[in-house]
Amino acid sequence: MAEKLKKESYTVTARKWRPKSFEDVSSQEIITKTLQNAIKTGKISHAYLFSGPRGVGKTTVARLLSKSLNCLKKKPGEEPCNECESCEEINNDNRNHPDVFEIDGASNRNIEDVRELKEKVKYGPIRSKFKIFIIDEVHMLTGASFNALLKTLEEPPPYVVFIFATTSPEKVPLTILGRCQKFDFKRLTIDEIKSRLKHIAKEEKVKIDDESLFFIAKKGDGSMRDAQGLFDMSASYCDGNITFEKLKSFFNLAESDVYFNITDFIRSKNGSGLLSYFDELMNKGYDMQTFLDGLTEHFRNLLVCGSTGSAELILESENVKQKYTDYISKFSQIEIINSLKLILQTEYTFKYSSNQRTLLEALLIELIKFTDTRDLSEIIEELKELKSGRGGSYTSKSSTSSSSAASASQSSVPVNSGVKINYRSSISEDAASDSGNGSIAPAPKIVKDVPVVDLSTAGDLNGHWLSIKDQIKTERKWVYSIIKDTTFEQDEKMNFLIRVDDSTYELIDGYRDYLSGKISKYFGENLSVNLIKSSEFISSTTFKETSADDGNTPPKEADNFDKLRSILINDFNAKEVRK
739 MAEKLKKESY TVTARKWRPK SFEDVSSQEI ITKTLQNAIK TGKISHAYLF SGPRGVGKTT
799 VARLLSKSLN CLKKKPGEEP CNECESCEEI NNDNRNHPDV FEIDGASNRN IEDVRELKEK
859 VKYGPIRSKF KIFIIDEVHM LTGASFNALL KTLEEPPPYV VFIFATTSPE KVPLTILGRC
919 QKFDFKRLTI DEIKSRLKHI AKEEKVKIDD ESLFFIAKKG DGSMRDAQGL FDMSASYCDG
979 NITFEKLKSF FNLAESDVYF NITDFIRSKN GSGLLSYFDE LMNKGYDMQT FLDGLTEHFR
1039 NLLVCGSTGS AELILESENV KQKYTDYISK FSQIEIINSL KLILQTEYTF KYSSNQRTLL
1099 EALLIELIKF TDTRDLSEII EELKELKSGR GGSYTSKSST SSSSAASASQ SSVPVNSGVK
1159 INYRSSISED AASDSGNGSI APAPKIVKDV PVVDLSTAGD LNGHWLSIKD QIKTERKWVY
1219 SIIKDTTFEQ DEKMNFLIRV DDSTYELIDG YRDYLSGKIS KYFGENLSVN LIKSSEFISS
1279 TTFKETSADD GNTPPKEADN FDKLRSILIN DFNAKEVRK
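Here this note's numbering is used: the first residue of the sequence shown is 739, the next is one more, and so on.
Since the hints were derived computationally from the structure, they do not count as laboratory data.
Keep in mind that the hints are not guaranteed to be accurate.
Listed below are the simulated DSS-like cross-link pairs for lysine-lysine, each with C-alpha atoms no more than 27 Å apart in a straight line [stated by the list, open to error]:
1. 986 <-> 1022
2. 758 <-> 956
3. 860 <-> 957
4. 1022 <-> 754
5. 1222 <-> 1259
Label pairs and their computed distance ranges (CB to CB) [what the hints assert, rightly or not]:
6. 1107 <-> 783: 56 to 64 Å
7. 905 <-> 771: 19 to 27 Å
8. 947 <-> 861: 54 to 62 Å
9. 1204 <-> 1107: 30 to 38 Å
Heads up, the beta-carbon is just placed ideally off N, CA and C, and yes, glycines get one too.
Just need the whole structure built from these sequences, with the hints factored in.
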């Protein structure tokens, strides 16, 4: 009966195709070569530490080392024979081997377990050359357990070999690390996983296309064991004929075309179409976390492709790489960088959000705004060309930008905030005098709205802030508890700032959108509010200080705003009026 069950039992790919020789181990050639040479020359350490990500072969290599040390008839190259009694017992998960012990560090972590291990160390091997102790996830041992193991590890009997495996070597005490030979296992590449899976599929008579192989290898994230687990699932679902079309429905994938369509909507500023398209994806059952991860990777690929001019560094299939190559010119680098920063910021708050779909919809609409992002150096250069009379092609663009900037500035300041902004037209004096003598006046050098800012009553902001905090106190006491000592300020550029203690900055930053919403609702305007640490200094440079030097050059330490303001004032006769 037992033999019948053994024949009918199914073994998962990760166990069935576990490497049985050093030659079969993928991607760890340096480590396997070092161990083989040590066995050949007899230079065997009393303790080894294998560290690295999950599923890259740490326990497998530990077993191969155990088999090679105790093999009764080794093959050339110090490979285990896999035929003798010792090798067969180790291949059978060490169930019956009297001299090789596999210990789980997570469930045998207490000092009593270490004392029991020390008792076993006292006695020599029963029928093998070495007595070997493999401790998996050794970092899970307690501090007292490590201390109890120290003396044995420092001066073990000549027949004892310890092999420690861990995914977190930083948690292992330095006193233990210093007594071991350390080997760092690396993540497997997509090509290495693909090659192994292709060989397994051939031997198992499972049909699989290249795109499916690439997807499974990529989703394995550097772990052969994870990739083999996905291969088993895929083979079961597809009934031995794995195709990418079937995998897309099985894993509920958003294929690459989805993200290209998303960025097309963003580029064309089609907010209505973008939200409708996103709604269709959600109705199909797409996972929102998977969608956000895919969007992050998509913009990362755009950044890499745009920065390098090629798609060689992108981990995608060849046809998808070609799409990215053709897509390079649609976004500027600054637009991609700012968009990627916004997506990463959303990722940080996504898992804590109680309404994740709304958060993603707001993200997509906000990404549309970044398609008009321009570098300040370009704007300054255009302004200089306008002044010199060489910027004819920029005139309409600049005037449009000016009016947009004016309207944006008006909408960013609340009516009842105590800050008044007025605008007046400024035309060069030459143009005004020419128009008064009856002759046809030439076009003025620049016609724009010049802000006239009154900051005299800005000190009332904290009074408003107290009222807003009272509202927050009734809604979210936890948020109030961390912002109750903050102050509401406004710098000379009319930016609204919440000054917070350095120690609570990261905590309050998670509620930035909520606070901006409360402030905008209070003032009846859509406001953008930033956080500033108590230790940071807000520049108080005024126009008088700026013009104190030579009238043309802004201070050396002036920021980009001061540079732009200086150009407007000195080169285009803009005026700043304070009451």
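When the structure is checked against the list of hints, which entries are broken? Sort them ascending. 3 and 4
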